[in-house]
Amino acid sequence: MTNEALKIKLPELIPSVVFEEGGEWITAFVDASAWKTIAQQLRSNEDFQFDYLFCVTCVDWKTHLTMVYHLTSTIYRHSLVIKAKLDRNNPEIETVSDIWRTAEFHEREAYDLFGVKFLHHPDLRRLLLTDDFDGYPLRKDFEDPINMIKL
Amino acid sequence: MFSLESITNSIQTWLNNTFNPTIALLFECVIVGVLVISLFAVLGLVLVLMERKVSAYMQIRLGPNRVGPGGSLQTVADTLKLVVKEGLTPDGADKFLFNLAPFLVIIISMLVLAPIPFAKNFQILDINIGVLYVSAVSSVSVIGILMAGWASNNKYSLLGAMRSGAQIVSYELSAGLAVLSIVVLTGSLQLSDIIASQQNGWWIFKGHIPVIISFVIFIIAVTAETNRAPFDLAEAESELTAGFHTEYSGMKFALFFLAEYVNIFIVCSIGAILFLGGWMPLHIGNWNGFNHVMDYIPSSVWFIGKVFFLIFVIMWFRWTFPRLRIDQLLNLEWKYLLPISMLNLLLTTLITIMGWHF
Amino acid sequence: MYRETQIIKHAQKASSNGGNLEEAGDLVINVGPQHPSTHGVLHLVITLHGETIKNVEPHLGYIHRSIEKMCESLSYRQFIYVTSRMDYLSSHINNHGCAMCVEKGLQVEIPPRAKVIRVLMDELTRLASHQLWWGAMAMDVGALTPFFHAFREREMINDIMEETCGARLTMNYMVPGGVMYDIHPNFQKRVKEFIEEFKKKIDEYDELVTGNIIFQNRMKGVGYLTKEDAISYGCTGPTARGSGVSCDIRKLYPYEVYDQVQFNEIIETDGDCFARYLVRMQEMRQSLSMVEQLIDNIPEGDFQAKTKAVLKLPKGEFYSKIETARGEFGVYIVSEGGTTPYRIKFRSPGFSNLSALNHMAKGYKIGDLVAIMGTLDLVIPDIDR
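Protein chains in written order, with this note's numbering: chain A, 10 to 160; chain B, -9 to 348; chain C, 294 to 678.
Because the hints were derived from the structure by calculation, they are not lab data.
Treat the numbers as computed from the prediction; the structure is a model and nothing was measured.
Derived pair list, reagent style BS3-like, types lysine-lysine, alpha-carbon separation capped at 30 Å: (1) C:K605 <-> C:K362; (2) C:K397 <-> A:K18; (3) A:K149 <-> C:K601; (4) C:K608 <-> A:K71; (5) C:K544 <-> C:K494; (6) B:K325 <-> C:K347; (7) C:K605 <-> A:K92; (8) B:K325 <-> C:K513; (9) C:K608 <-> A:K149; (10) C:K655 <-> A:K45; (11) C:K608 <-> A:K18; (12) C:K520 <-> A:K92; (13) B:K145 <-> C:K655; (14) C:K347 <-> C:K658; (15) C:K492 <-> B:K43; (16) B:K145 <-> C:K658; (17) A:K92 <-> A:K71; (18) C:K397 <-> A:K94; (19) B:K325 <-> C:K658; (20) B:K196 <-> B:K110; (21) C:K608 <-> A:K16; (22) B:K145 <-> C:K347; (23) C:K655 <-> A:K126; (24) A:K18 <-> A:K94; (25) C:K599 <-> C:K482; (26) C:K397 <-> A:K149; (27) C:K493 <-> B:K43; (28) A:K45 <-> A:K71; (29) A:K71 <-> C:K362; (30) C:K605 <-> A:K71; (31) A:K92 <-> C:K362; (32) A:K126 <-> C:K362; (33) C:K655 <-> B:K325; (34) A:K45 <-> A:K126.
Construct the entire structure; sequences and hints are all you get.
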């Protein structure tokens, strides 16, 4: 499916979708609480078949966090970027590790570095940092006067 | 012609003439002990250097070349380093068994040296059950390895020891059966008799197919028994770091290392005695001139030459093949080697009974 | 200390499980962070039942340097150099991916000469990386000699790299807009020498290892990964192609001059270790043929497009992907219009490939775990970043 076709098709599946302009691929904002059902539909819908989640990350916008999911379909070769806004003080979103198993590690990484809590994640522990690490280093307000050198 | 036989005989005559028989025997024991220990040291040095050089040539490297001419003193330097190193005993290890294990392993390989004829009439004890003695004593070494693995209080060591136990116990069967086929053909368990039976042709060259099969099985089985690659499951460094000797350091580690090389020497000498005629020179039919020249080479040189050829073959295996997996290793023994060697023994017995051998 | 407590907890959980003897007989072993076959500081906590693996749990982060955070304070020219330190075996390709992402933001068209040089360097890097993998792989299954043979040929590539880039491992040769400087006058001659030499040697590789019966027994039927699982776990590169997934970025989303050279995407459908092994072995031949096609066809002209001294990316998001020796390497840059990226994310191939390890290794023996890790071709700094 081309980007244009995706843009027409997508609102049929997700009525509340908001598109963001610019960028190589279609970027859609979805509601964090609805993400799980949307993800299931994107994965299983015959027209979309987004079976390959190639990048999961988070961006700290100082006022809120944004989860970014890069999806692609190995059958139709179309790609889609899904974004979900999260509350900065209590970031919570449903896990998609049961839909795309690669998300298990990527979500643990996002939890580790941004503190996003993935609900119903099978094994949500810190991945890269030590268990007793304090704070979430990729957030913009993270300060570590000992180990971080300001340029 | 140079011969070790005359030296030993003159020493024995002199001792018996000078002292009473008991003291003479005691002196002989001391001399033998000193000789065996120095043989150990020399073997360790030579074989380690040989292994490093052989592997270096196979791996397009130079190998040790700094200490002494051509790196010949490298092993001495290594031994010195190991001697002065601290021998650690890990916390929580069974101290008695942990310290006993390397000595047990080395004593067993020393014991096996007793019946081996290094040259014509040059052996410590020519017992009439030589073959049985060798296979019986060498199988005790598994106890030392199990002891080391268990007492180390380390999971890698334990796994390595258990693998080694399973492996040595099973491969002993086919090694023993392969040896038995020669025993059946010769009708004697005495090593000197077996060598004497190869007066007019080594067993491997006499053209008996069962002998060739047992030789191949023997080489495979002893490679496994000495824990050498491709059967080095007990110390597989990419899986178990160092297997049963993970926790050993200093001289205790060196003893394991030494025992490994001496064991290779022993199994290769058994192979040379049984299949390649021991110290017998190579004779071809009735080429009298050729046979005469061969006779001029001392018997000790023949023996050492054959043994080192077999050692080289085993080293060649190690630096060429990947390692087997534990289940494949046991499958190979129980599903292929053991049935084949049993049938082979049966065939040999048949040949002997019918008198088809020569 | 926390890792030790984790392990103790794990062991207690297993042994406190009352009447369940099978659980109580489990052995929890730490493989790594210092272990001969983890190729770096990977730490695996494996639960064994006898020799059989019940669970593999990777503990990462021993070489985590938070490169993503570092990049947030580095300019668009500077941050590329840090990425050499991620996948140090294909640092050229990492640099290339980052440079491509910045170029995408700047909308710079790079000169044809630079494109060809980039592809040549990428393929040589891929060859070097696969050579090292081949040696290490053979060493993992117990054959020590191939490692030295592989290094002999890898040394030739390193020498070529040293002449042109000035470095042997972390090249830092790709810059936004092209390459840093022109190729060395000897480059073409030496690459041709290498091609001639390596064509003979790669047959030797096959003779020494591929055909060996012990090696094939160790590899075949071990570490199965189905096509669906490979996609679901996000596996890319030879790992996924061994399971029949078509995922070569060079074919699917051609960049630079990959649409002008002849090469095949190697796909094996068995999904076991041997399939992954064969994919990499054939990829070496493909890379060699690509280098051969391009080496005499380097166009004349500039090696670098004119760019400003201080780069500023427009506000927006840029994602570029590239095929490294291990799989798909993605760079995601969020720009606020300044001279440094607002947020940068590296999607490293090893990270996703590693997440499939537990799935692949369950039920096999310890020796198989080593073989599976070998065929995944893990580079730990790439995983930890």
